[in-house]
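Hey, can you work out the whole structure from these sequences and the hints?
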Amino acid sequence: MAGTRDQILFLLINLSGQVLAKVLMKVIFLLMELVLAMTCTLFFAGIFKEHPQLVKNDFYITGESNAGHYIPALASRVHKGDKNKEGIIINFKVLQYPNVAFDRDSFPNERS
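Residues in the sequence shown are numbered from 261 upward in steps of one, following the numbering used here.
Don't take each hint at face value.
[To be verified] Derived PhoX-like pairs (lysine-lysine); straight-line CA-CA distance at most 20 angstroms:
id	residue 1	residue 2
1	K343	K353
2	K345	K309
3	K343	K316
4	K309	K343
5	K340	K309
6	K353	K340
7	K316	K340
8	K345	K316
9	K353	K316
Simulated from the structure, these hints should not be mistaken for lab results.
Encoded structure:
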């Protein structure tokens, strides 16, 4: 009986460690996205400060492949800054990041 109890206890500890590791990884990735978004926003603000004639132009945010992780974070930060009137207002127009994981058969009208 003690062997079964020890096995169950080991399994519970192992599973809780795996869950904790997954949660920590998600938190780390979220923080990385936020830091990247802030860094890019500061970069764009610096460009617009140096070249104020560009501020009035439409601002498009696009990406591909893994951009699905970072582009939404950047777009959210730019939108939040514009909405709260923080710093230079960026004329944000479009967010685009295609999912390259789709199979061409998913788009029957797009076959070549």
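Hint check:
Between K343 and K353, the direct Cα distance comes to roughly 13 angstroms. Compliance with the 20 angstroms bound is thereby established for this hinted pair. Straight-line distance between C-alpha atoms of K345 and K309 comes to about 15 angstroms, which keeps the hinted pair within the 20 angstroms bound. Of the pairs offered as hints, the one joining K343 and K316 holds, with about 16 angstroms between alpha carbons and a cut-off of 20 angstroms not exceeded. Restraint check for K309 and K343: the C-alpha separation of about 19 angstroms stays at or below 20 angstroms, so the hint holds.
Taken as a hint, the K340 and K309 pair is honoured in the structure, with Cα atoms around 19 angstroms apart against an allowance of 20 angstroms. A threshold of 20 angstroms between alpha carbons decides the hint, and for K353 with K340 the separation of about 13 angstroms falls inside it, so the pair holds. For the hint linking K316 to K340, the alpha-carbon distance of about 18 angstroms falls within 20 angstroms, and the restraint holds. Proximity of K345 to K316 is assessed by CA-CA distance (about 15 angstroms); at most 20 angstroms being required, the pair is judged to hold.
For the suggested pair K353 and K316, the alpha carbons sit about 12 angstroms apart, so the restraint of at most 20 angstroms is met.
Every hint from the earlier list agrees with this structure, and none is contradicted.
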